[in-house]
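Colleague: What follows is the residue order along each chain.
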Amino acid sequence: GEEVAQTPKHLVRGEGQKAKLYCAPIKGHSYVFWYQQVLKNEFKFLISFQNENVFDETGMPKERFSAKCLPNSPCSLEIQATKLEDSAVYFCASSQDRGLLGGYTFGSGTRLTVV
Amino acid sequence: AQSVTQLDSQVPVFEEAPVELRCNYSSSVSVYLFWYVQYPNQGLQLLLKYLSGSTLVKGINGFEAEFNKSQTSFHLRKPSVHISDTAEYFCAVALRNAGKSTFGDGTTLTVKP
Numbered sequence: 001g002e003e004v005a006q007t008p009k010h011l012v013r014g015e016g017q018k019a020k021l022y023c024a025p026i027k028g029h030s031y032v033f034w035y036q037q038v039l040k041n042e043f044k045f046l047i048s049f050q051n052e053n054v055f056d057e058t059g060m061p062k063e064r065f066s067a068k069c070l071p072n073s074p075c076s077l078e079i080q081a082t083k084l085e086d087s088a089v090y091f092c093a094s095s096q097d098r099g100l101l102g103g104y105t106f107g108s109g110t111r112l113t114v115v
Numbered sequence: 001a002q003s004v005t006q007l008d009s010q011v012p013v014f015e016e017a018p019v020e021l022r023c024n025y026s027s028s029v030s031v032y033l034f035w036y037v038q039y040p041n042q043g044l045q046l047l048l049k050y051l052s053g054s055t056l057v058k059g060i061n062g063f064e065a066e067f068n069k070s071q072t073s074f075h076l077r078k079p080s081v082h083i084s085d086t087a088e089y090f091c092a093v094a095l096r097n098a099g100k101s102t103f104g105d106g107t108t109l110t111v112k113p
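Same order as they appear, the protein sequences are chains F and H. Using the numbering used here, you'd call the opening residue of the first sequence number 1 and step up by one each time. Using the numbering used here, you'd call the opening residue of the second sequence number 1 and step up by one each time.
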């Protein structure tokens, strides 16, 4: 498709529960990126994929966060044992190339609220 | 490491007035530069990008930006704004071939009638 589809739009979890977010990139885009937007404006890079391979995971809090992009499935971002500080909007973006010559195409985000 | 500073957190302006949103960046290597717009409850939408070549780049919705290497700036401009331009604007830099971007903290543009 021509849009990056993120589901669900909203997710509420109790502290300690698991949260799983999904992202279907634009068809033909080889790169997928996850960003966390905490508060209103601060964007934090989490992880990127080239097809199903992790390309850069320097932003991932590895003890509780994991992500996958498997063939013929939406990409996923999973948070085990959520904490209050994980409350944020999680954006997925895709691009045709690693160099971002075309920029990102962003999904509309998943708002995670941890209570 | 790269960093991006958006010099104004909020810019109020009247409809049909010109506007400039300022962005400075820091990087020891060449980068690509981007401006994105975020409307409420939506993801970011690419406005324009600078990859190389002409330092004046034109984007969607009548926006343009000028890359200034000596001042490490990439300011966004529009000669006449509309109410519908009210949104959050983000400047971003990306290392060539590195994929991930570093974003500024955003500028809230509010266009008043």
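Hints in this document: simulated from the structure, not taken from any laboratory. Keep in mind that a hint or two might mislead.
[Claimed, not checked] Keeping only pairs whose Cα atoms sit at most 25 Å apart, straight-line, the calculated DSS-like set for lysine-lysine is:
#1 LYS18(F) - LYS62(F)
#2 LYS9(F) - LYS44(F)
#3 LYS69(H) - LYS27(F)
#4 LYS44(F) - LYS49(H)
[As the list claims (entries may be wrong)] Residues of chain F placed beyond 10 Å of chain H at every Cβ, according to the derived structure:
#5 GLN6
#6 PRO8
#7 GLU42
#8 ASP56
#9 GLY59
#10 ASP86
#11 ARG98
#12 LEU101
#13 SER108
Remember, it's a predicted structure, so these values are computed and weren't measured experimentally. Glycine residues also receive a C-beta, built at the ideal position from the N, C-alpha and C atoms.
Colleague: Compare the structure with each hint and give your call.
Modeller: These are the hints, each one checked on the structure:
no.	hint	verdict
1	LYS18(F) - LYS62(F)	15 Å, holds
2	LYS9(F) - LYS44(F)	19 Å, holds
3	LYS69(H) - LYS27(F)	35 Å, violated
4	LYS44(F) - LYS49(H)	20 Å, holds
5	GLN6	8 Å, violated
6	PRO8	14 Å, holds
7	GLU42	6 Å, violated
8	ASP56	6 Å, violated
9	GLY59	8 Å, violated
10	ASP86	19 Å, holds
11	ARG98	5 Å, violated
12	LEU101	6 Å, violated
13	SER108	5 Å, violated
When each numbered hint is compared with the structure, violations occur for hints 3, 5, 7, 8, 9, 11, 12, 13.
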